[in-house]
Each structure stands twice: as C-alpha cells, then as structure tokens.
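A.B. asks: Chains as they are written, first to last, in my numbering: chain A, 1 to 119; chain B, 1 to 170.
Hints may be right or wrong, so weigh each one.
[Said to hold, decoys possible] Within a straight-line C-alpha distance of at most 25 Å, the following computed DSS-like cross-link-like pairs (lysine-lysine) qualify:
| id | chain 1 | residue 1 | chain 2 | residue 2 |
| --- | --- | --- | --- | --- |
| 1 | B | K78 | A | K100 |
| 2 | A | K48 | A | K81 |
| 3 | B | K119 | A | K81 |
| 4 | A | K48 | B | K78 |
| 5 | A | K68 | B | K119 |
Calculated directly from the structure, the hints in this document are not laboratory data.
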Amino acid sequence: MARLNDDAQWIVLMGFIVSFSLFFLAIVVNQSTVVGQTTAEGVLEFPKNDIRSVREEVIACSDADMDKVLKDMASIAMDRKNAVVSFRITQAPQGLPFNKTFEIHYNNGVTAYNETATY
Amino acid sequence: MVNSDGQLFTIEGIAAGLIMLLTAYIVVSTTSMYTPGDTHISDMQLEQLGSDALRMMNTPNSTAESGQSMLQNIIKNKETERFRETFLTFCNSTTAGSYDNLQLSADLYYRTGTNTVNKYHLTHSRNLTGGEHAVRVTEWVHLNDCNNLCGVGLRPGVQTVLVEVLLWRD
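Excised from the complex, chain A in its bound form:
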C-alpha cells in the first residue's frame, strides 16, 4: 500500500477556507434583497394614512354634521377598508380650558387606534 502522503496539506486547507468564506459572502448577498421586506410589509400593513385621514375628517366636521358624517364614515370604512370607525364630539363643560372633546376609534382587526383630543 502506498504511504499516505500528507505534504502540502495547508494548500488544501487554504482552499477550504477561501471557498467557505466565498460561500458565506454569497449568503450575505443573497439575503440583501429580503432585508427590506419585513420593513416594507410592516409599513404597508400599518394604516397610518387611514388613521390620519379619519382624524383630519373628524376634526374638520362640526357638531351639526356629526351624525351624518359618522354614518358615512362608519359604513364606507366597513365596506371598503374592513375597518370599524367611530367617533364622538362632545361639548366640554363650562370652566374648562377647551371647548370640545373628540373621541376617535379606529380598528381594522390588526391595528387599533383610540384617541381623545380636546381643543
């Protein structure tokens, strides 16, 4: 049987090291496309603009229109966005430093937003 020749094993070892490091670098490059996905999906799923728009609309509507606007927004939001939208505007009692209280509720099953604002 020929004698096992173990000369120059370091060349083989270097080869392994280089190829493994290349492999891990390739994994890093491969993962780079996925990096933004979770962020983007998180941003898309969070109804930031819906909430801001509801808020703006509620604050713009006056007491007199409240019932109609509430019915409009509740039914359209349920129909088009699968979201529960509700709000209430109440006149603050005398002697407080603000006139009205806004209570806004938004819930689309994933994100719930509740706010009580005064002005």
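The hints should help you fit chain B onto chain A, whose structure is shown.
C.D. replies: Same frame as chain A, but now just chain B:
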C-alpha cells in the same frame, strides 16, 4: 491499540459530507428565489407617494373656515379631467428629466339615502386589465352638498365621501 493512521481520510470524508449537504441546501433553496420586486419596497413607496398627492389635493389654500380644497372643488364640480391631470402631475413629477410613468384609476364611494355604499367611477388614465400591480390609496373628503354629483346618486347636504385611487407603474 488505537491506530491514528488515515485521519486525513476521515477529515476528507467529513468535508465531502458538508459540501454535499450545502449543495443540497442551495439547490432546494433556489426554487424560492426572492427578487427585489417581491419584497414590496416599491409598493410601500408608491402608496406613500399616492397618499401624499391626495393629501396635497385635499389641503385648502386658505385657512378660512369656508376654504375648500382643490379635491373638494373637483368632486363637487365633477371635474374628473382636472382630478386626473392634477393627480398624475403630482405623482409623476421628478426632480429632473422626464416624467415618471404612473397610471391611476379613481373611484368615489358614497353612502346613499338607503344606507348602501355605492361607487361612482371618477376617472382613469389606463383601462384596468387585472394584470397591474396596483396599490390603493384613499382620502376622506368632506362635502357641503352634492352639487354636480347629485345626478349620480349622492344625497343632498353635508356628507363625507371616500376617494379611492388605484395607482400603478406602467
């Protein structure tokens, strides 16, 4: 007696096994290849752009209580052409060079007197084929009266309607 000859063969065997496992892993994982388009980053940017454009259109020029936004006027007067032009200008403007190539299809949703939600198609810049990768942006619009839209089924008087825009890059 334990003989330590041939250790190199053992190491080689382990290395070969690892390489085969890695190869199998790579082969299996290439069937689900992610491209940047799958990661929804462009959708996120498009949605933000569209929301901002609608928000700009729904911001009144004056702070007076009677100040109406461009979007409110457009809807009241049923100026669908103006809506399309303004929205596309806002979305397609770039800092330099040629215009971007975004397309839209816009609908108006309103509650009727009988408590059903109806749709009125405002405008579109391309026909929807179903193959578009569109995002949806919306904006609540407060109307004092139905004005020119009374004919399409909006109730008279104060109401809130929803403008819904499908936006995609063509």
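A.B. asks: Verify the proposed pairing of K119 (chain B) with K81 (chain A), using a straight-line Cα cut of 25 Å.
C.D. replies: holds (14 Å)
A.B. asks: Would the hint linking K78 (chain B) and K100 (chain A) be met if the CA-CA limit is 25 Å?
C.D. replies: Violated - the C-alpha atoms of K100 (chain A) and K78 (chain B) are around 34 Å apart, more than 25 Å.
A.B. asks: Does K119 (chain B) sit within 25 Å of K68 (chain A), going by the straight-line distance between their CA atoms?
C.D. replies: holds (18 Å)
A.B. asks: When you check the alpha-carbon spacing of K48 (chain A) and K78 (chain B), does it fall within 25 Å?
C.D. replies: violated (28 Å)
A.B. asks: Please work out if K48 (chain A) and K81 (chain A) have their alpha carbons no farther apart than 25 Å.
C.D. replies: Given that 25 Å is the threshold and the Cα spacing comes to 13 Å, the pair holds.
Hint violations for this structure: numbers 1 and 4, all remaining hints satisfied.
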